[in-house]
Amino acid sequence: MSDIGGVKKLTQLRYEKGDSFPDAAYLAALSRFGLDVQYVVLGIHSPETYNDDEQELITRFRAASLDVKNAVIGALKGAISEKETQPSGRELNISGGNNRIAGRDYNETKGR
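Start counting the sequence shown at 0; every next residue gets the next number (numbering that gives the first Met the number 0).
Hint data in this document are derived by calculation from the structure and do not stem from the laboratory.
Check each hint, because a few of them may be wrong.
Stated by the list, open to error - Pairs of lysine to any residue, SDA-like flavour, derived with a Cα cap of 20 Å:
1) Lys-7 with Arg-31
2) Lys-8 with Ser-19
3) Lys-7 with Phe-20
4) Lys-16 with Arg-31
5) Lys-16 with Gly-4
6) Lys-68 with Asp-52
7) Lys-76 with Arg-59
8) Lys-16 with Met-0
9) Lys-76 with Arg-61
10) Lys-8 with Leu-26
11) Lys-8 with Ser-30
12) Lys-16 with Val-40
Whole structure, please, built from the sequences with the hints as guidance.
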């Protein structure tokens, strides 16, 4: 971390021991590599940052009517559920309206 922050190893050790405290330039350098400066300084996590797609979705969702919000949530739940419930190739799905019980013996005459 001393290389990233632009300080000597001894200075880095002092920061880690609490004998010395980093300056803003050091924290700014580390923030470019993902350090949450607000957490280091205040002990409070910074709000999550979003990519452009996520930010657009949030902005449009907040501006939408309740009906649109419900439709969006339903669509997302449906899309996720469909993906999770795709047959794996080892499953057997049976459907029909004849109310017969699988596993029982019965005779069926066709053509009558």
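List in ascending order the numbers of the hints, as given earlier, that are violated by the structure.
4
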